[in-house]
Amino acid sequence: MSDDHVYMTLAEGHEDDTRWAYGTGFEDPLHGVDTTVPEGVDATELASLCVALADDALVSAQRLAEWITRAPELEEEVALANIGLDLLGQARLLYSRAGQVDGTGRDEDAYAYFRDADDFRNVRLAELPGGDFAFTVVRLLVLSSWRLAHFERLASHPDPVLAAIAAKGVKELSYHRQYAAEWAVRLGDGTDESYRRMRKALEQAAPYVGELFTAYDVRDEVVAVLKQVTEAAGLPMPVYRPLPGSGRDGEHTEHLAPLLAELQGVARAHPEATW
Amino acid sequence: MVTTLLDARRARYIAEQVPDPELPMLTLADLGVLRGVELTEDGAVVASLTPTYSGCPAMAEMRADVAARLREAGYARVEIRTVLDPPWTSDWITPAGRRKLAEHGIASPGPAPRGGGPVPLVLSPTRHAVTCPRCGSADTEETSRFAATSCKALWRCRACREPFEYVKEI
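Listed in order, the protein sequences are those of chains A and B. Here the first sequence stands for residues 10 to 284, numbered as in this note's numbering. Here the second sequence stands for residues 42 to 211, numbered as in this note's numbering.
Simulated from the structure, these hints should not be mistaken for laboratory data. Here the structure is a predicted model, which is why all the values come from computation and not from measurement. Think of the CB as a built atom: it goes at the ideal place given N, C-alpha and C, for glycine as much as any other residue. Heads up, some of the hints might be wrong.
To be verified - Below, a sample of chain B positions facing chain A; criterion: calculated Cβ distance under 10 Å:
no., residue
1, Leu80
2, Val124
3, Leu125
4, Leu195
Given these sequences and hints, build the entire structure.
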């Protein structure tokens, strides 16, 4: 034992696959996957797509994690944390794929921790502050419906790795959308207060919804789902008046930088740390 | 040649017996995440694993466990591959695995929804009946679709009043 400090001792002995605690020693989530980029697939385009989808997931997961210890009930806290964990898993796979195909060889941490807000390509709806539970439900409903529709198409993408990540994600996103939709109906069709909050949440989200439909053609599917849910909830369908700019072009609200500061703080303070 | 075949079967058997880190009553074979174990011509063992959920934090643990068990058994060179396609489905939990889950008070999943085509959103309450793993009653209700691990939901039995976990269909 070279050091009396318990954590220093634990940090020793990282040979092979040994680790000092469960869940530590994260490594490449695409370990051992065939990394070839198929002929006819534009590597730059593929990498950009993977980063954008990963950024949506990472930023959403961070916002969901903010509910931990603050959710209305323990069950909801567990649910939101689980949904965040699924999204974090999708982000890890997508960042790893991006690093393989964009020629930089960057790992997932390089994308998550060492890029600034201007380099993030997530849609702005994902980065807006948490707000109340109603806003979380509305945001999750919109983003999971959109991501699900998009992943359903990506499951037949010519890149087999992205296609496999998407096919796996479809199953998870179906559960996320179901959770959000059921809560939207319960709150919209609930008390005067929950109805009022849901209306307000829809109005808050509406300006950021148009941005989702600029890059990918899944608008009809998403609008159909939102219509189905708002009708069942007795809520008015929000009117979309898209704001100019897009998170996909690196144009963000003032809320992304503080989110990233919290997310990236430890990794940037100790860039070579292992634990 | 015979030795090689025996070796391959032995390697497979060893990998199959590794317990799942989050559901330790199940082996990786019971859970259906071990997708193959092969011996290469030059004598290395290649074991293929697939994650249950994208964010499953147990993947790194499973990889390490399988590699360690095989090394202990005398296989000097072990390679673990991640397989993402086809994605894991709860249908791959074996009958033996389902029996072990029930013995530990965890209800097994029903048939997974069929893939292909857009997933419909169903808002009417169409939850299928889940049988209580303790008393066998079908008078049960979901309390939360999410639980201590990604793969489970929380239910309770209205007959015996006991809460229980339920592995979700995926």
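Evaluated hints:
no. : hint   : verdict
1   : Leu80  : violated (16 Å)
2   : Val124 : holds (8 Å)
3   : Leu125 : holds (4 Å)
4   : Leu195 : holds (7 Å)
The structure is inconsistent with hint 1 alone, although it conforms to all the rest.
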